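Trainee: Just so you know, the sequences run in chain order F and H. Just so we're aligned: 109 in the numbering used here is position 109 of the first sequence, and the numbers increase by one with no gaps anywhere. Each number in the numbering used here corresponds to the 1-based position in the second sequence with 281 added.
Derived from the structure by calculation, the hints contain no laboratory data. Remember, it's a predicted structure, so these values are computed and weren't measured experimentally. Treat the hints with care, since some could be wrong.
Stated by the list, open to error - Pulled from the structure, derived: some chain F residues nowhere near chain H, Cβ distances all over 12 Å:
1. Val7
2. Arg58
3. Arg69
4. Arg77
5. Val103
6. Val104
7. Ala139
8. Glu149
9. Asp219
10. Ala220
11. Glu237
12. Ala244
13. Ala245
14. Arg278
Said to hold, decoys possible - Per label pair, the in silico range of CB-to-CB distance:
15. H:Ala332 - F:Ala139: 22 to 30 Å
16. H:Gly384 - F:Ala139: 50 to 58 Å
17. H:Gly309 - F:Gly227: 47 to 55 Å
18. F:Ala102 - H:Gly305: 51 to 59 Å
Idealized CB from N, CA, C, for every residue including glycine.
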Amino acid sequence: MTGPRLVRPATLDAALAVLAEEPDARCLAGGATLVAMMNAGLAEPGVLVALDGIAELRGITVADDGRVRIGAMTRHRETAADMRLAGGHAVVRQAASVIANAVVRNMGTMGGSIAFFDPAADYPPALVAADAEIELASAAATRRLAAREFFVDWYTTAIEPGEMVTAIHLPPAGTQPSIYRKHARTSGDYAIASLALVLDGAGARVAVGACGPVPLRSDAAEAVLAGRLADHDAVAEAAALLAAAADPVDDVRGSADYRRRLIPRLLQAAISELLDTREAA
Amino acid sequence: MLIEGSFTIAAPQARVWEKITDAGLMAGCIPGCEAIEVVDPKTYKARVKVAVGPISARFDLVVEVTEEVPPERVVSVTRGDEGTRASVVSAENRLELKATEDGATEVVYASEVSVTGRLGKFGLGVMKKKAQSLSEEFVRNFRAKVEMETAS
Numbered sequence: 001m002t003g004p005r006l007v008r009p010a011t012l013d014a015a016l017a018v019l020a021e022e023p024d025a026r027c028l029a030g031g032a033t034l035v036a037m038m039n040a041g042l043a044e045p046g047v048l049v050a051l052d053g054i055a056e057l058r059g060i061t062v063a064d065d066g067r068v069r070i071g072a073m074t075r076h077r078e079t080a081a082d083m084r085l086a087g088g089h090a091v092v093r094q095a096a097s098v099i100a101n102a103v104v105r106n107m108g109t110m111g112g113s114i115a116f117f118d119p120a121a122d123y124p125p126a127l128v129a130a131d132a133e134i135e136l137a138s139a140a141a142t143r144r145l146a147a148r149e150f151f152v153d154w155y156t157t158a159i160e161p162g163e164m165v166t167a168i169h170l171p172p173a174g175t176q177p178s179i180y181r182k183h184a185r186t187s188g189d190y191a192i193a194s195l196a197l198v199l200d201g202a203g204a205r206v207a208v209g210a211c212g213p214v215p216l217r218s219d220a221a222e223a224v225l226a227g228r229l230a231d232h233d234a235v236a237e238a239a240a241l242l243a244a245a246a247d248p249v250d251d252v253r254g255s256a257d258y259r260r261r262l263i264p265r266l267l268q269a270a271i272s273e274l275l276d277t278r279e280a281a
Numbered sequence: 282m283l284i285e286g287s288f289t290i291a292a293p294q295a296r297v298w299e300k301i302t303d304a305g306l307m308a309g310c311i312p313g314c315e316a317i318e319v320v321d322p323k324t325y326k327a328r329v330k331v332a333v334g335p336i337s338a339r340f341d342l343v344v345e346v347t348e349e350v351p352p353e354r355v356v357s358v359t360r361g362d363e364g365t366r367a368s369v370v371s372a373e374n375r376l377e378l379k380a381t382e383d384g385a386t387e388v389v390y391a392s393e394v395s396v397t398g399r400l401g402k403f404g405l406g407v408m409k410k411k412a413q414s415l416s417e418e419f420v421r422n423f424r425a426k427v428e429m430e431t432a433s
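Build out the structure end to end from the sequences listed, making use of the hints.
Mentor: Structure follows, in structure tokens:
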């Protein structure tokens, strides 16, 4: 049995040219998931396009107006350690800090993680709550999609054949705090359920992870929370709306019913912690 | 895992029965079905491609009808594998047609499916969601074909 052919382009254009020519090609980012999938016989790319030699895909830049660009090849460890991700961006940093373990965080990348899109992964809800945009490039064009539109279905994203994730963009965040909360069986496991919350004006943007095909946001729940974050009844009502809208699976990490029951706990804990932070500030 | 559901179709029971036992028509309704072959009146062979995110699999299936009560019930057993690959799928299927008072037909289906091998390593929870969405796609396709013919 022969393995895939490995190419290691030095520029983004060269990588995109390979993706355009080889329908059987797959990008190799950090390899944290893809290599494990290949070992398990679940993925068999004909060509691996290693992205680690492409400088323009690496690193985090913060513009003067507060916009943030995170290169697709930025490792979880770098994201977790970057204290410029504060206020409304802290949710993304916190999500990075609880992914798997130190070895995976040293290797794994944000672009790789969201392109694979495990429904229980940490970045998807954080990016949806942060109103992030995903930058996609092919040999023909570059486009940007809201995170909410990028995540499409179980393990399915809006990435088209020949395209790859090149960057994640965060809008200016302001100084209001944000938080990522994860409930897992053990430290480093995928979430049983998780919740990302960004305070926004008098309300909050909330995205629930691991409880459906895509990160769950509920306009109705956010409308209930607006102006009533300190009101326990409002929080309970919003949590009930989110739990009702969830579509979780039964699996080894927990039953669908258990996952739904975790949502109110996560929401209450996240809001009370954020309100305490805001008062202390 | 148990995949089950029911749907109502605006056509008489006898017509639905005729369509549901029409291998060629069924091949056009089953999501990912690339080929179907009638071996004998009780045995069908089918090749079906399934993809969940980055993983795709092509199964060669043999469906054996173990009980047939026209125009009400079919019970069958499906076995299949991925060619040289290690995944094996098997299923016990039950399909019932019930005439409704207004001349339509209620179709009730249930399959107990098991998957072992490489795809068994993949989350069963997500596989079940995928199977349900494939069932819904089948229902849409089948309904479109049968109701279109009934209307014309």
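Trainee: Non-interface claim for Ala220 of chain F: all C-beta distances to chain H beyond 12 Å?
Mentor: holds, 23 Å
Trainee: Starting from the hint 50 to 58 Å, judge whether the C-beta atoms of Gly384 of chain H and Ala139 of chain F obey it.
Mentor: holds, 56 Å
Trainee: Take a quick look at Val104 of chain F and tell me if its Cβ sits farther than 12 Å from every Cβ on chain H, holds or violated.
Mentor: Label holds. Min Cβ-Cβ 18 Å, cutoff 12 Å.
Trainee: Could you let me know if the closest chain H CB is still more than 12 Å away from the CB of Arg278 of chain F?
Mentor: Arg278 of chain F clear of chain H: closest Cβ-Cβ about 37 Å, beyond 12 Å.
Trainee: A range of 51 to 59 Å was offered for this pair. Does it hold for the Cβ distance of Ala102 of chain F and Gly305 of chain H?
Mentor: The hinted range 51 to 59 Å holds for Ala102 of chain F and Gly305 of chain H, with Cβ atoms some 57 Å apart.
Trainee: Could you let me know if the closest chain H CB is still more than 12 Å away from the CB of Ala244 of chain F?
Mentor: Ala244 of chain F clear of chain H: closest Cβ-Cβ about 18 Å, beyond 12 Å.
Trainee: Does 47 to 55 Å hold as the CB distance between Gly309 of chain H and Gly227 of chain F, or does it fail?
Mentor: holds, 54 Å
Trainee: Would the least Cβ to Cβ distance between Val103 of chain F and chain H come out above 12 Å?
Mentor: The claim stands: Val103 of chain F keeps its Cβ more than 12 Å from every Cβ of chain H (closest is about 21 Å).
Trainee: Taking the closest pair, is the beta carbon of Glu149 of chain F still more than 12 Å from chain H?
Mentor: holds, 17 Å
Trainee: Grab the minimum beta-carbon distance between Val7 of chain F and chain H and tell me whether it stays above 12 Å.
Mentor: It holds; Val7 of chain F is separated from chain H by about 19 Å at its closest Cβ, greater than 12 Å.
Trainee: Checking the smallest CB distance to chain H, is Arg69 of chain F really beyond 12 Å?
Mentor: holds, 26 Å
Trainee: Say whether it holds or is violated: Ala139 of chain F keeps its Cβ farther than 12 Å from all Cβ of chain H.
Mentor: holds, 21 Å
Checked against the numbered hints above, the structure breaks none of them.
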